[in-house]
Every structure is written in C-alpha cells, then in structure tokens.
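Chemist: Here are the chains, one letter per residue:
2 protein chains.
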Amino acid sequence: MTEFTLDCFLESGNAYKVALMLELSGADWAPRRVAFFSGQTRSPEFRSMNVMGEVPVLTHHTPHGDVVLSQSGAILDYLSREIDRFGPANEDERREILRWLLWDNHKLTSYVATYRFMSLFQKKSDDPVTQFFHARAVGAWKVLDAHLKGRDFIVSGHPTIADLSICGYLFWPDQIGMDLTTYPNIAAWLDRIAALPGYKRPEDLMPSGKDPATATA
Amino acid sequence: MTEFTLDCFLESGNAYKVALMLELSGADWAPRRVAFFSGQTRSPEFRSMNVMGEVPVLTHHTPHGDVVLSQSGAILDYLSREIDRFGPANEDERREILRWLLWDNHKLTSYVATYRFMSLFQKKSDDPVTQFFHARAVGAWKVLDAHLKGRDFIVSGHPTIADLSICGYLFWPDQIGMDLTTYPNIAAWLDRIAALPGYKRPEDLMPSGKDPATATA
Numbered sequence: 001m002t003e004f005t006l007d008c009f010l011e012s013g014n015a016y017k018v019a020l021m022l023e024l025s026g027a028d029w030a031p032r033r034v035a036f037f038s039g040q041t042r043s044p045e046f047r048s049m050n051v052m053g054e055v056p057v058l059t060h061h062t063p064h065g066d067v068v069l070s071q072s073g074a075i076l077d078y079l080s081r082e083i084d085r086f087g088p089a090n091e092d093e094r095r096e097i098l099r100w101l102l103w104d105n106h107k108l109t110s111y112v113a114t115y116r117f118m119s120l121f122q123k124k125s126d127d128p129v130t131q132f133f134h135a136r137a138v139g140a141w142k143v144l145d146a147h148l149k150g151r152d153f154i155v156s157g158h159p160t161i162a163d164l165s166i167c168g169y170l171f172w173p174d175q176i177g178m179d180l181t182t183y184p185n186i187a188a189w190l191d192r193i194a195a196l197p198g199y200k201r202p203e204d205l206m207p208s209g210k211d212p213a214t215a216t217a
Numbered sequence: 001m002t003e004f005t006l007d008c009f010l011e012s013g014n015a016y017k018v019a020l021m022l023e024l025s026g027a028d029w030a031p032r033r034v035a036f037f038s039g040q041t042r043s044p045e046f047r048s049m050n051v052m053g054e055v056p057v058l059t060h061h062t063p064h065g066d067v068v069l070s071q072s073g074a075i076l077d078y079l080s081r082e083i084d085r086f087g088p089a090n091e092d093e094r095r096e097i098l099r100w101l102l103w104d105n106h107k108l109t110s111y112v113a114t115y116r117f118m119s120l121f122q123k124k125s126d127d128p129v130t131q132f133f134h135a136r137a138v139g140a141w142k143v144l145d146a147h148l149k150g151r152d153f154i155v156s157g158h159p160t161i162a163d164l165s166i167c168g169y170l171f172w173p174d175q176i177g178m179d180l181t182t183y184p185n186i187a188a189w190l191d192r193i194a195a196l197p198g199y200k201r202p203e204d205l206m207p208s209g210k211d212p213a214t215a216t217a
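Protein chains in written order, with UniProt numbering: chain A, 1 to 217; chain B, 1 to 217.
If you're looking for bench data, these hints aren't it; they were derived computationally from the structure.
Some clues are possibly wrong.
Identical copies look the same in the list; a pair holds intra-copy or inter-copy alike.
Unchecked claim - Listed next, the in silico DMTMM-like pairs over lysine to aspartate or glutamate satisfying Cα-Cα at most 25 Å (straight line):
1) K200 to D28
2) K149 to E45
3) K142 to E45
4) K142 to E91
5) K149 to E3
6) K142 to E93
7) K200 to E82
8) K200 to E23
Please work from the sequences and hints to get the whole structure.
Modeler: Listed below in structure tokens is the structure:
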C-alpha cells in the first residue's frame with residue numbers, strides 16, 4: 001500500500017491541487033477514483049467519511065492508523081508539514097499563505113469551478129447564473145494578475161501551497177473562459193509552476209470521475 | 001490609540017466575525033468605518049492596503065510597527081495566537097479548525113453573503129442568480145446542521161474561531177432567507193454562541209457602511 005491515498009477524479013481542480021502537491025513532492029501516493037458524475041460524493045457512504053460531500057479526501061496511512069483529511073487547503077497545509085515541502089519560511093509567510101488559501105476558496109475557485117461545471121459539464125454557457133460566475137471569476141483574475149506583478153510566486157520568491165491551490169483550475173484556460181493574454185502576470189506564473197521538476201497535468205495524475213460506460217461523453 | 005483597529009461596516013458578516021472575536025476576547029480595539037456602499041473598498045487607496053479590495057482589514061498596532069491583515073479567517077487565526085483565545089487545544093483541533101474555516105469561505109459564506117447582498121441591498125430577490133445562491137446556501141446549512149448533531153461547537157466541546165467564522169451571517173436569519181426551525185442543531189448552536197460572556201450583535205459593534213446622507217435607506 002502507498003503512504004497516501006487520494007480520493008479524486010481528474011475533472012476536479014480541487015483534487016488536482018493535492019495531486020500536484022503529492023507529485024511535485026515525490027510522495028508515495030495513489031489516486032482512488034470517485035465516480036462524481038453518478039453521485040458518489042453525495043452518497044451516505046461518502047458522507048460518512050466526509051460530511052461535506054466533496055473531493056478531495058486524503059488518507060494518510062501511518063503506523064498509528066489512518067489520518068483522513070478533507071478540504072484541499074487543509075490537506076495542503078497538512079502535507080506541507082508532513083513532507084516539509086512548499087511550506088512557509090517564516091511566520092509572515094505562514095500568514096500570507098493562509099490569506100491566499102482563503103481568498104482562493106472564497107473568491108477564485110468558488111466562482112471558477114462553478115462556472116466551469118455549469119458551462120462544460122451542464123452545457124449551460126448562456127445561463128445568467130453561469131455568466132454571473134464568469135464575471136466574478138474575471139474580477140478574481142484581475143486581483144491575481146495585479147498581485148503577481150513583479151512577483152515570481154504568490155507569497156514569496158519560492159513556490160508554496162498557496163501557488164498550488166490557486167493554480168488548480170487555471171491550467172484549463174479554454175474550459176474556464178480565460179484569455180491568458182489578458183493576464184500576462186498570471187500566464188508567466190503558470191509557466192513557472194509548469195516548469196517545476198515533476199510537474200504533470202491533471203490528465204496525467206488522476207482517473208476520470210465518469211462511469212466507464214459514459215467515459216467517452 | 002487602541003491596540004487594534006478594524007476597518008469594517010456593520011452590514012458585513014465577514015467583518016462581524018472579527019469584531020465578535022475581538023469583543024469576546026476583551027481586546028482593546030476600535031472599529032473604523034468603511035463606506036462600502038459608495039465604493040471605498042474598491043478605491044485605489046483601499047486596494048493599496050488590501051489588493052483584494054475587501055473588508056475586514058485589521059491593523060495591529062505593535063511596538064515594532066503596524067501589522068496589517070486581511071481575510072477574516074487569516075485574521076481570526078492571527079488573533080487566536082496573539083490573544084490566546086478560541087484557538088485549538090491540539091494539532092487535531094488545529095486541522096479541524098482550518099478545514100471548517102475553508103468550508104465556510106468556500107461553501108457557506110460565499111453563497112450566503114452573495115444571496116443577502118443581492119436580495120437585501122440590490123433588491124433582486126427574484127433574480128435567478130439570487131435564487132441559485134439561496135439554493136447553494138440551503139445545501140450548506142444542511143451540511144452544517146448534520147455536522148452539529150450531538151456537538152456543542154464546530155470542532156470541539158469549546159468554542160473556537162471556526163464557530164466565530166461560520167456564525168458570521170447566521171444571526172440574520174430573516175435577511176438570508178433561513179428558517180431556523182428547519183435546522184434545530186444550528187439554532188441551538190447559535191444560542192450557545194449568543195450566551196458567551198460579552199456577546200454582542202453586529203449592530204452593537206460596528207458603524208454602518210452607508211454614507212450618512214443615505215444612512216436611513
């Protein structure tokens with residue numbers, strides 16, 4: 001058995017945040033497919049593991065028993081301590097990492113992921129709700145691009161879990177309606193992440209969340 | 001000068017999270033009115049202090065200079081360490097607090113606050129976007145009510161910053177379209193928070209974000 005098991009599916013940018021952390025850190029891990037599109041995350045069995053009914057869920061198999069974690073930001077924080085990679089160099093950085101993890105969850109991923117789900121998977125691109133989420137995403141991208149001006153990474157000169165969290169959905173610009181030429185600082189920052197040793201795209205890290213019978217959809 | 005200055009306005013549940021923490025902790029603090037409704041948080045001056053363009057912003061006036069913080073969850077974490085109140089009792093609780101802070105930002109406040117803003121302040125109760133956010137809020141309340149079954153507080157037998165974060169908008173049930181009789185575990189938990197020594201409502205802690213000329217609106 002590997003040291004870590006990640007309940008995930010490749011279509012989830014939130015799961016990708018954790019998968020990328022594990023891969024870039026050289027951790028001993030394996031993905032476990034969650035059939036999201038047929039409702040597995042909302043089943044009683046899954047909720048008994050995570051009342052929030054969401055992926056990712058990370059299980060750390062330790063000599064003292066399994067540690068089960070959810071919420072990508074909390075998992076990244078845990079891993080940065082356990083693996084001692086992509087964490088803060090000091091207390092100021094620790095606070096900045098937390099600040100940007102929260103911003104990602106509240107103001108970036110919450111909008112981008114919902115936009116992508118409704119437009120790409122529900123085929124509701126023209127729905128006013130979908131358009132509302134896209135407009136909010138654009139607002140978040142402007143904040144991010146302004147922040148990255150003159151910076152190599154979100155918090156410091158070195159990449160941290162704040163970068164791995166915030167980039168989660170941004171390697172799919174076509175799927176999220178994002179023209180990267182409008183956000184040159186974001187584009188350059190994504191290139192820096194993609195150049196990290198061991199970088200892989202979601203498709204190369206996780207299985208699909210679609211049932212095999214519908215996997216070609 | 002007080003030890004802490006909180007940029008805030010009473011209509012912001014996110015600012016209330018921090019104001020409540022400061023008040024319950026007996027901190028030496030003062031609110032500073034932000035004219036949200038005339039656009040102050042999106043002004044260049046405000047963004048130079050917080051690129052995210054949001055309240056709350058907390059300034060901690062220390063002998064070594066001012067520490068300026070944003071994102072309510074990051075501020076609560078900072079205060080729990082500085083004041084040594086409402087923090088975790090151990091590492092397991094620390095992780096759980098972080099998990100629920102992230103969930104609040106991603107799945108609860110992000111929906112509830114937007115619903116309230118659109119219905120209460122923009123008067124768009126019937127807009128499909130407003131209704132979408134309300135449906136998402138209902139989903140979050142169900143998760144929270146299920147989690148609180150058999151628990152006194154979110155993470156442990158004692159209140160933590162996770163409670164102070166998650167309750168931020170829930171003391172306005174009428175404004176967020178929430179029938180508390182549907183969520184008995186949430187209702188009992190809110191009563192426990194309101195019974196904490198020093199508890200005050202938002203209206204008793206912060207100034208309005210409306211310009212004086214329109215403050216009666």
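Chemist: My question is about K149 and E3: at a cut-off of 25 Å on alpha-carbon distance, are they close within one copy, between copies, both, or neither?
Modeler: Neither, since 38 Å and 33 Å both go past 25 Å.
Chemist: For K149 and E45, with the copy left unspecified, which applies at a CA distance of at most 25 Å: within, between, both, or neither?
Modeler: Between. Shortest inter-copy distance 18 Å satisfies the 25 Å Cα cut-off; intra-copy 45 Å does not.
Chemist: 25 Å Cα cut-off: does K142 pair with E91 within a copy, between copies, both or neither?
Modeler: neither (27 Å within a copy, 36 Å between copies)
Chemist: Checking an output row: K200 and E23, CA cutoff 25 Å. Within, between, both or neither?
Modeler: within (8 Å within a copy, 47 Å between copies)
Chemist: Is it within a copy, between copies, both, or neither that the alpha carbon of K142 lies no farther than 25 Å from that of E45?
Modeler: between (40 Å within a copy, 17 Å between copies)
Chemist: First find the shortest C-alpha distance between K142 and E93 inside one copy, then the shortest across copies, and answer within, between, both or neither for a cut-off of 25 Å.
Modeler: Within one copy, since 22 Å is at most 25 Å while 35 Å is not.
Chemist: Under a CA distance limit of 25 Å, which applies to K200 and E82: within one copy, between copies, both, or neither?
Modeler: within (22 Å within a copy, 40 Å between copies)
Chemist: Is it within, between, both, or neither for K200 and D28, if the alpha carbons may be no more than 25 Å apart?
Modeler: Within one copy, since 16 Å is at most 25 Å while 49 Å is not.
Checked against the numbered hints given earlier, the structure breaks hints 4, 5 and satisfies all the rest.
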